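Asks: Given next are the chains, with one letter for each unit.
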Amino acid sequence: MFSASILLQILACAIYNNWWPMLSALMYVLVPMPCLFFGGGSTQFLMSRDGGGWIDAAKFLTGASAVGSIAIPIILKHAHMIETGAMLIELVSFFIFICTVLCFHQAGLDDDW
Amino acid sequence: MDLLELWAIFGPGVAGAVFGAGWWIWLDAVVCSLVTVPFLHYLPGIFASFAALMFNCVRKEDIDYSPYDEGEWRLKLWLFIAYVVSFVSLAGSAGLLIQDSLDKSAPSVWTGVAGVLQCVFVLISGLVYWTSHPE
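These protein sequence lines are chains A and B, in that order. The opening position of the first sequence corresponds to residue 1 in the UniProt record's numbering, with each subsequent residue numbered one higher. The opening position of the second sequence corresponds to residue 1 in the UniProt record's numbering, with each subsequent residue numbered one higher.
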């Protein structure tokens, strides 16, 4: 599923011969960083309330990165730098990425049990 | 689990989303503006973000609400300064909005409105983050 997400990312650039949507790929790199840095590689902290200050900061950064991933294609479309189709492909790519993260999260929970 | 517990779990994430939305509005207005936006117009958003960071650096357990003891006056002074910075950034963005609406060569009114919305969203994200921490 992650590969499908990246494939849609590349398609959004290649179909329209316009590489501005690659800016969204930067946000894809940013979204997992709070999990790796503060959550010990697991997404379990997202559903917990016991983490304390740094875990809350990681949640904050995750929320901001997610909104940034949605914001960048829409800003580029509003500025007429990409086509509507490319924006929609970007949003579908991000949606698949979120599904990947949720599956990873569910697998992690199953490991705990 | 009850609503307060849900708020404690998802509050920081919601705060991050609101923060991202605030900066989204501002970046969208700047990118689509026909007139170059001077750096002065960026300052209210930057100061609002700084203010939100300031009053979330405080641990709520350290705040003393006793009317008798002097308490941690440095903590309250810090919170007061954070409030002043947030107030000045909101007032500044509103002032720039009014100035933009009066001056024809300045950025459009939407840029001013986006600046005010950015400050409001950023400060709301700070409040959401603050309220999501239980005592």
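Source of the hints: derived by calculation from the structure; they are not laboratory data. Some hints could be false.
Claimed, not checked - Output of the computed footprint for chain A on chain B, the stretches with three or more beta carbons under 8 angstroms from beta carbons of chain A:
id, stretch
1, 24-38
2, 107-114
What the hints assert, rightly or not - Here are the computed distance ranges between Cβ atoms for each label pair:
id, chain 1, residue 1, chain 2, residue 2, range
3, B, S33, A, I10, 24 to 34 angstroms
4, B, F80, A, A14, 47 to 57 angstroms
5, A, A79, B, V109, 40 to 50 angstroms
The structure displayed is predicted, hence computed values, not measured ones. Ideal Cβ positions, reconstructed from N, Cα and C, are used throughout, including at glycine.
Asks: Now tell me, hint by hint, if it's right for this structure.
Replies: So, going through the hints one by one against the coordinates:
Restraint check on the stretch 24-38 of chain B versus chain A: 5 residues with Cβ-Cβ distances below 8 angstroms, three needed, restraint holds. Judged by the Cβ-Cβ criterion of 8 angstroms, the stretch 107-114 of chain B is not covered by chain A as claimed, because only 0 of its residues qualify and three are needed. Distance hint check: the CB atoms of S33 of chain B and I10 of chain A are about 31 angstroms apart, consistent with the given range 24 to 34 angstroms. A C-beta distance of roughly 55 angstroms is found between F80 of chain B and A14 of chain A, which places it inside the suggested range of 47 to 57 angstroms.
Roughly 18 angstroms separates the CB atoms of A79 of chain A and V109 of chain B, a value that falls outside the hinted 40 to 50 angstroms.
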